[in-house]
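K.L.:
Chains as they are written, first to last, in the UniProt record's numbering: chain A, 1 to 60; chain B, 1 to 465.
Hint data in this document are derived by calculation from the structure and do not stem from the laboratory.
Fair warning: this is a prediction, and the values are worked out from it, not measured in the lab.
The beta-carbon is built from N, C-alpha and C at its ideal position, and this holds for glycine as well.
There's no promise every hint is true.
[Claimed, not checked] Below are the BS3-like pairs computed for lysine-lysine, each with C-alpha atoms no more than 30 Å apart in a straight line:
#	chain 1	residue 1	chain 2	residue 2
1	B	Lys37	B	Lys385
2	B	Lys69	B	Lys87
3	B	Lys87	B	Lys385
4	B	Lys96	A	Lys15
5	B	Lys37	B	Lys96
6	B	Lys87	A	Lys15
[To be verified] Pulled a few chain A residues facing chain B out of the computed Cβ check, cut under 7 Å:
#	residue
7	Ala16
8	Leu17
9	Leu19
10	Trp25
11	Leu33
12	Ser36
13	Leu39
14	Leu42
15	Leu48
16	Pro54
17	Ser56
Spelled out from the first residue to the last, the chains are:
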Amino acid sequence: MAAEPLDDYINAVAKALALPVEEAWRPAVRANLEVSLRLARLVDDFPLPDEIEPASVYTA
Amino acid sequence: MTVSTDGLSAQQIAQAVTDRELSALDATEAALARIAKHDTVLNSFTDITAERARAKARTVDAAIAAGQKVGPLAGVPFAVKNLFDVKGLATRAGSKINRDLAPSTRDATLIERMEAQGAVLVGALNMGEYAYDFTGENVHDGPSRNPHDPTRMTGGSSGGSGSAVGGGLVPIALGSDTNGSIRVPSSFCGVFGLKPTYGRLSRARSFPFVASLDHLGPFARNVGDLALAYDAMQGADADDAACTTRPVEPVTPLLAQGIDGLRVAVAGGYFQQNVFPEAVEAVARVAKALSATQTVEIPEAARARAAAYVITTTEGASLHLDRLRKRPNDFDPAVRDRLIAGAMVPAPLVDRAQKFRRWYRAKVLELFKSVDVIIAPATPCIAPKLGQVNFVLDGVELPVRANIGIHTQPISFIGLPVVAVPVPLVPMPIGVQIIAAPWREDIALRVAHALERAGVATAPIPRGL
């Protein structure tokens with residue numbers, strides 16, 4: 001079992017994407033991922049209608 | 001002997017050159033001399049294109065001597081963040097890795113447009129690596145330094161742009177803004193910065209960061225110069241898929257219209273939290289000058305900032321995925337670790353961030369039915385010390401890097417036009433955002449102009465420069 005809850009996930013995604021994650025980088029990668037997921041959850045928590053379109057190509 | 005143009009605006013230089021009171025070559029030599037004298041401290045330039053600049057200046061002088069019409073930027077020296085393609089230079093974008101790219105074969109569209117109006121490119125400017133930065137620090141090139149206190153940050157990622165204009169080395173610089181990278185250095189370095197509407201200015205032949213959020217725009221020491229540069233750069237461009245086909249809408253002739261009848265409100269809630277007293281004071285001065293007594297609540301701004309963060313880190317990771325695999329040790333480690341983490345955010349969360357963006361855009365656009373301008377802090381604080389990691393706000397220790405852009409991110413997230421205006425507090429200036437509805441750069445610039453005329457917003461002259 002990994003020492004930190006996200007470590008198994010980091011290992012799996014790093015392997016799937018062929019991304020190197022050296023042990024020395026792991027704490028910083030984990031800390032950054034925790035921030036990203038925390039902020040993503042804030043967005044995820046917001047109810048949106050099923051019909052809403054992404055604004056991926058944005059025209060104001 | 002080099003003629004001094006210290007303290008002259010772009011408009012004054014262009015007028016003097018057009019009237020043959022000053023040659024474009026002399027204006028160029030004066031800028032090169034200022035850079036040589038002061039940039040050993042400021043570290044704002046990474047490349048100085050002296051020979052190219054002299055050649056361009058000679059063509060401007062020759063055109064004037066031949067009685068040909070020259071543009072409104074005749075002989076005006078300018079410089080660009082080093083993510084703009086400059087013919088003959090590798091576009092480093094603040095990185096070590098990109099130095100191995102082949103030299104660019106053509107200038108960025110915005111450089112071509114500035115030079116078509118007579119401006120003279122004198123160099124490329126320092127920036128945070130790959131624009132993923134709010135500090136202006138760079139592990140490869142060293143930090144750009146604040147012209148008002150070289151022990152302080154310039155802000156980033158367009159740090160060299162803020163430093164070069166704030167320090168008076170050039171009257172105009174160009175930069176990019178994805179989450180605040182024009183507005184933050186404008187605030188810390190005490191200059192005016194324009195982040196136009198998303199899609200207004202072409203990004204062609206500039207190194208990208210986050211396609212959904214990337215903007216380019218100018219820095220200047222006064223609103224007239226800012227408008228002049230913006231007008232020179234407008235126009236459709238098939239080389240940028242996001243660039244608008246709207247007709248050019250010159251703003252320079254509109255500046256003197258004043259602000260009578262404009263409805264101005266202060267952003268409340270989120271934008272009044274996590275701010276130091278200097279930011280509160282700056283917003284209050286601007287609000288008072290504009291007789292703004294109304295407060296508006298921008299809905300779900302914290303969530304908008306969160307969604308901007310998610311889109312930034314994931315699109316940034318996608319852009320750099322192959323470099324992360326092949327040359328991870330050549331990145332700034334802090335940038336690398338953020339980007340690797342960004343590659344690991346599940347796709348549905350990114351999609352939801354883009355869907356939230358559409359919801360948020362609709363809500364904010366509704367606000368512009370009842371107001372024309374919203375004012376908000378550009379940064380929560382004055383420029384922190386170089387290398388500073390944390391600051392204490394209301395007794396809580398917060399990370400500097402993550403909090404510098406909290407007030408800019410929810411605005412660029414939906415591409416609204418903003419002028420960052422400098423409020424000359426002592427000992428350090430700080431900026432305020434003048435935010436308008438999409439495509440209404442004219443309104444934001446008119447308000448900035450009115451604040452400048454009232455003496456509330458001005459680019460302070462650095463001590464010792």
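K.L.:
Which earlier hints turn out false for this structure, listed by number in ascending order?
P.N.:
3, 6 and 7
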